[in-house]
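Asks: Sequence:
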Amino acid sequence: MSLPVEQHIWDDRYAGAADLVSASAVRELLKLTEQPEFISFAGGLPAAECFPAEEIALAAERVLAQQASRVLQYGPTEGFPLLRDFLVDLMHGRGLAVAPGNLVVTSGSQQALDILARLLIDPGDPVLVAHRITQRTPANDL
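If you read the sequence shown in the working numbering, its first letter stands for residue 2, the second for the next number, and so on.
The set of hints was computed from the structure by calculation and includes no laboratory data.
Treat the hints with care, as some may be off.
Restraint ranges, calculated between C-beta atoms of paired labels, are given here [unchecked claim]:
#1 A66 / M92: 20 to 30 Å
#2 V130 / G109: 13 to 23 Å
#3 S110 / V64: 19 to 29 Å
#4 F42 / G96: 28 to 38 Å
#5 V130 / R28: 34 to 44 Å
#6 L21 / P124: 17 to 27 Å
#7 G94 / D20: 31 to 41 Å
#8 L97 / E38: 38 to 48 Å
#9 H9 / F52: 36 to 46 Å
#10 T107 / Q74: 13 to 23 Å
In this text, a Cβ means the ideal position worked out from N, Cα and C, and glycines have one as well.
Generate coordinates for the entire structure from the input sequences, incorporating the hints supplied.
Replies: Structure representation (structure tokens):
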């Protein structure tokens, strides 16, 4: 049994920034993807049948069997050293010269764009772009 909660009693207790929060258009669009007849051509929503699920499961199993006590802990900001070494070897195999000290592993494109913007752009600097390539990047606020 759940008790009814009057949400409005909290209205005067929220911080001022809470008034700036609005529903995410992306979140609303993603709800549509749960419908079986929905086919998305949007970026950031690849076809699930293309995921290398077995390979990822095997890699995760191997890493956890060999390095669980290390990889489940907080790690260096620039990425887990063994992963960085693996990526360096992979890039060398593709003819790219890179060293582990010149490689940062990010959680995705948004984090990478944010880091680059913070390193290369000061607030108020003019920036010329062909068009916005992501829905929402923290760099959009610079």
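Asks: For every hint, state whether the structure bears it out.
Replies: Verification of the supplied hints:
1. The beta-carbon spacing between A66 and M92, approximately 26 Å, falls within the hinted interval of 20 to 30 Å.
2. Look at V130 against G109: about 19 Å separates their beta carbons, and that is inside 13 to 23 Å.
3. Here the CB-CB span from S110 to V64 is close to 23 Å, well matched to the stated 19 to 29 Å.
4. Between F42 and G96 the beta carbons are some 32 Å apart, a value that agrees with the proposed interval 28 to 38 Å.
5. At about 25 Å, the beta-carbon gap between V130 and R28 misses the expected band of 34 to 44 Å.
6. About 18 Å separates the C-beta atoms of L21 and P124, a value consistent with the hinted range of 17 to 27 Å.
7. With their beta carbons about 52 Å apart, G94 and D20 fall outside the hinted range of 31 to 41 Å.
8. Distance hint check: the CB atoms of L97 and E38 are about 42 Å apart, consistent with the given range 38 to 48 Å.
9. Take H9 and F52: their Cβ atoms lie about 43 Å apart, and the range 36 to 46 Å holds.
10. Here the CB-CB span from T107 to Q74 is close to 19 Å, well matched to the stated 13 to 23 Å.
Violated hints, in rising order: 5, 7; the structure is consistent with all others.
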